[in-house]
Every structure is written in structure tokens, then in C-alpha cells.
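Sequences and hints are given; from them, build the entire structure.
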Amino acid sequence: MKHLLSVTDLDAAAATRLLDTSDRLKQALLGREVRKLPTLRGRTVITMFYENSTRTRVSFEVAGKWMSADTVNVSSSGSSVAKGESLRDTALTLSAMGADCVIVRHPASGSAHRLAAWMDGASADRDANTTGTHTSIVNAGDGTHEHPTQALLDAATLRDRLGEIAGRRIGIVGDVLHSRVARSNVFLLATLGAEVVLVAPPTLLPVGVSQWPCRVGSDLDAELAGLDAVMMLRVQAERMHGSFFPSAREYTIGYGLSAARAARLPGHAVVLHPGPMVRGMEIAPAVADGPSSAILAQVSNGVHIRMAVLYHLLAGAPE
Amino acid sequence: MTDLLITGARPYGEDPVDVLVRDGLIVETGSDLDRSVPERELLDGAGMVLLPGFVDLHTHLREPGGEESEDVATGSAAAALGGFTAVFAMPNTHPVADTDVVVEHVRRRGAAVGLVDVHPIGAVTVGLEGTRMAELGTMARAGVRIFSDDGRCVHDPLIMRRALEYATALDVVIAQHAEDHRLTAGAQAHEGVVASRLGLAGWPASAEETIVARDCALAREAGAALHVCHVSSARTVEVLRAAKAAGVRVTAEVTPHHLLLTDAALTGYDPVNKVNPPLRTGEDTKAMRAALHEGVIDVVATDHAPHAAQYKDTEWAAARPGMLGLQTALSVLVHTMVEPGLLDWRGVARVLSERPAQIGGLADQGRPIAVGEPANLTLVDPDGVWTVRGAALASRAANTPFEGMRLPATVAATVYRGRITARDGKVDATVDREGST
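Residue numbers (this note's numbering), protein chains in the order written: chain X, 9 to 327; chain G, 132 to 568.
FYI, nobody ran anything at the bench for these hints, they're computed from the structure. Treat the hints with caution; some may be incorrect.
Claimed, not checked - Okay, the calculated bits of chain X under chain G, using three or more residues with CB under 8 Å as the criterion:
1) 107 to 118
2) 132 to 143
3) 150 to 162
4) 216 to 222
Because the structure is a prediction, the values reported are computed rather than measured. Beta carbons: idealized from backbone N, C-alpha and C, even for Gly.
The structure is reproduced here in C-alpha cells:
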């Protein structure tokens, strides 16, 4: 595996290997005074973020540092066009500086795929004579397409809490249309054998969602009792200006995870949220901080999963 | 000029004849015309299909202002190599062709290059802004027969209504890029299963269908001639069918890429496949072919849209929409329509030459292959097969979505006003391709 662009790059065995590596790294670090493994010493990992992000960028950076990689952060607000240099030139520049891995977040869907193609030598110029580079690309979120390491850390968290993923029913609630987290989770969880249920107002469901490996519902209350886990998605309040829903209040009444709703989940059920949360609108504070919440465990697991991804891509962990 | 004798070619794929061309006209046809006259240049048509020269109602030559992607000379060369003897150049240049000054400039550049008739299309509204009607009358007096804001829709129904009404006195056509931009805000791909999986905001087919339905109602009231650019959606065909049955003066075109390609091509996010209107589904390509067969869609037009590498070597959202089309149009048409038996060579002549010439008001193009007619002719090798390579095409840019495809039928020669402009894949070298004026 040279790049990680989409969860569909992973079959069940490959995804499980990443989860297993993540668990082993977590165990290896447990209780250590010095949380530093030598695995990626001498490797250069660059994060290239074209969108604001705290948790994902820091998580990748910590993952790299704990494995002794040299990590460099590049951030750019606005698009490559606004900046004047093309995304391709920026990425090839970082590669030429010796980046072994470029971790990219970008507002355009498919940008990680494009970077990977350019790293592998693609060009639209009629007279181009380009050769590939050795640089690996990791997709840290591309537009409304995918966020594969988020889905992997969610899977790691679910496996921790539920023992296994196959056969479990996972509800994903909220703005599926604009969510890369939802896309990555639907396809990864399906690959791992879970039953996925999407719950959202019809305006926030993509056209063609019926072809996805999941079920679609619009009544959250009807689903609660059957769920082993519920994943609440971030909803941008600005969406109501696009008439996706009338008001934050109405959204909360229909789709918010209130304490009363959380109480109707089975006792073993896990509550997830990829963050950042809008407390009160998407999820009640008492639920976010309650015993069924795994929200901070998701964050911790995120570091281990990203260590595992870097390890597999850069150090060639046994396939 | 020496005479040109085309020997043994099959007009419309029918019985072979010899065709003698003199001073830009067909002067004699028959079997066994004298090949030994020394002043006669011979063009061996044995096994070839002879068609009237192709006419493209929808070309972007990019000049003035976009010469890094294409200019009149390179675009004319691509046209000649593709079998075209006339092209209509869209006005979305810099400056916009919204005055007689700019359209005259484009026409003169075309004439100076001299490989193909270049007919400028005038803008419907000033600067393509959609708010104020451009000087249609002045441009019409300068010879413009078609007006369009292509690339943008004339969205305001009142402006569209006025333009259609105004056009009736000028006997010109309004060609609409049918897209309700309120429904396509941020759209990057056909709204459907593929786009939703790829996280690309969707361009719903209804954004096309509603504008076409609206415009047909407006054209009906105005009694005006409406042409619908690049139909892409199956349900638009139903709208057109009903309008034509009701007597509305509406014609429509389909591009080669909407006959062949679907949104399945998008999965790698290569912007060479980004185009407006977007590549749609297999159901839509099937409906496009059926509509062209039936005549509900009148013509094939290329929407030849060159873009230099820097406009395509980007992330999908930043890439410009559009694809090359002039040199691949015939082959894609043969592949999608002739091979499956949906169109014969008479039909190819109709959709690539005769009907476009009629819609564009050209008296000397799309004419019968007969004595006394202008010698605008395309000689097609129906058994030829070639592999498309963007870098080998005549355009400045290389953005062909057919890269690497093996396609049937090649243009053996193009005869423009009695002169060979392209032969065996090469442009007539005697023409000053820079067209210095």
C-alpha cells in the first residue's frame, strides 16, 4: 500500500491489520514514561492542511512524533488558486524536499486522489515527461468525499467497546450529504460486516444513497432501541440558510441526541461524535460527557490509528 | 487553381462515382472521368465514403484572449482534420464577442487562416452578464446568424423573452445553454449515485429540463427560433419532443461525449472528464442516441472546449469544464450511431452537415453532392481505425476524454471550397497557419 486515499482501498483483512497494529502500538506505549518508538526515525512526514483543523492535524503530528518521524506542518487558508501556486506544484515541491509522506486535507473532493496521481507521475500537459516520486499520500479529509483515518479510529473505538464490529448495528445521524466522515464510515463499517443505518432529513441525504451498503431511516426514535452504537455528525448551522432545514431548534427536536433519547438506547450502546461538537444542538452535554460516550476515546485511538497508518505506509509493516 | 478529381468514392456510402472539382464547385460527376489530364490533382476515393463537409454549431476557438488553450489557427487545423468545413465560434472570449467589432475580428482571423469557414456566434447579453441585451441587430448586420451566452444560461426569463422576440425580426437563432444556476450552485458532476459517492455536489438533470421547457414556452409565444445547446438529460428529450409536436421552432444538439461517456469516468477524479453539462448516466447516453436517431435531437455539435494543462492539472473543483471534440466527433458518431445501425451515412451527413448548416443559415455548406454545388466535402475511410492521443491532436491543449481509445472511421481528406485542407491526418502545409493579416 503506497497511499491511503479512501476506505475502499482496504478490504476487511487490510482494515483489520491496521486495527491490530493500532492496538499493538497502544499496548507498546501503555505506561511508558517516554512515549517514543524508533520506528520512523529519519522519515519526514508533512501535513498539508488547506482547511482549519486542530484535532486531525495535531493527531497526525503526535502520531509521527511518537514514532520518531520528523514532522512538518504546512497550512494554507484558502484554496491553492487563491494562494497563486497550484496544488500540484505545492505537493511536488514538498515531495522534492524529501517528504516521505504528505498528509493532506483540502476542501475539494478528490484532491488526495489527484495528489497521489501527480506523485505517481500524472500530467495534463501534452508534452510532459514526468516520472513518479516515492512520496506517499494520506487523505486527512477531502471535501465531502472521505476521511479514512476517522473511520478507522471509529472502528477501533467500536471494536474496543463492543468486542467486535461484525453483526453490530450502527446508526449515523445528521448531515450525511456534506459529511466525509459519514461516507468513510458507511463503507468501512460495511466492509467490516456491520449493519449501518443512516438517519437524516431527506435534504441532507445524498441522491443515490439507496445504492450504498446501508439502510436509510428518517425517524431517529424508531431506531434507538435497536442500535449498538450511534454516531452523531456535525451539522453546520449555516446549512439552514440553504434551506436544508428550517432552524436549529427544529433540527434538534428531530435529530438531536437528547438525554431522553440516549436513555432509550440499549445499555451497552456507544455514543460517538467525530467532533467538533455543537453541544445542545446535535448532542446534549449530559450525553456527550456521560458513561456511554466514547468521544474522548475516539481522540486517543486516533493517534494510535494514525501511527498504524504511517507504519504500514512508510515502514512496510507486514501485509 | 488546378482541378481536383476525386475518384471512385461512394457519396453517402452509395455507388462509387468520380467527382470533378473546379474553382470551388463540383463541375462534373460520373464514372471513369479522365484521370490522365495532367492539370488534374487526383484524390483516390476507392473504398471511401464521400460526405458534405461537416459543420459544427458549437466550437470554442478561444481567440481572442485564451490563446494559451487554442487559437483560430490551431482550432481551424483541428476542424479541417476532423472533416469540418465550417465552424461556429462561441463568444465567451476575452473580450466577449458581444459587438460587431469583436465578431468581425474573429471572422477575419478565420478567413486569414483559410482552413475552414469561421462563423462567429454573438453574445445574447452584454459581457455574457445576463442583464442587458447585446447589439444583436448590429451583429446580425455583420453576418451573425446565431446568438448565445454559452457557458452561461440566459437565466432571466424576461431577458430571454425579449431576445427571442427581437431575434424574429433579424431572422437569427438564439442558442441557449440550458442550466438553472440556482439548482446547480457549486455543482461539480451529474447528480446521482457516482457523484454522491465521490462527494461531488450534484448538477440535477432538472436544471436543464426546466430551462428547456421554459424556453420552449417563450419561443412559442415569440414565434422565434430556439436552439438548445448540448442536450444531456433523457427527460429533456421528452420536453423537446412535446415542443416540436406543438409546432415550436426549436432545434437541439448533442455532443459526441454525451453520446458515449458516462459519469462512471469520474471515479479517478481526472478533470479531463469535467464538462458542462456533466457526463450523465448510461440511461441518458442511450436516450441521446435514440433521440438523434429519431430526429428529436437534430444535430451533433462538438462543444470543442480546449483548456491548457494548467486549467486541468488541478483538483477537480478548480478545473475548468470542457473537452476537445473536433477531431474525434466523426469517430465517436460512427462508434455510437453508425455501428449499432442507428444512423446510416445519409444520416451522418444530415446530423453533421446538412441540418447544422440549415440551423446556422449557411447557403454554401451542407449541400448535396451534385454538379453546381460548392465543393465542401469530407472523404471518410469507414474501415479506418485509430487510437486517440491528445498530444497528437492539432489543438494547443490535449484535454481529450477519449485518450487511448481505439475508435472507428478516419478522415482521409477534407475539401474546403475546392481545395484539400487536410489529407491523411495532415493539414495542408501551403496554408499560412498563423493567418497573418
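Status of each hint after checking the structure:
1. 107 to 118: holds (count 5)
2. 132 to 143: holds (count 5)
3. 150 to 162: holds (count 5)
4. 216 to 222: holds (count 4)
This entry satisfies every hint, going by the numbered hints stated previously.
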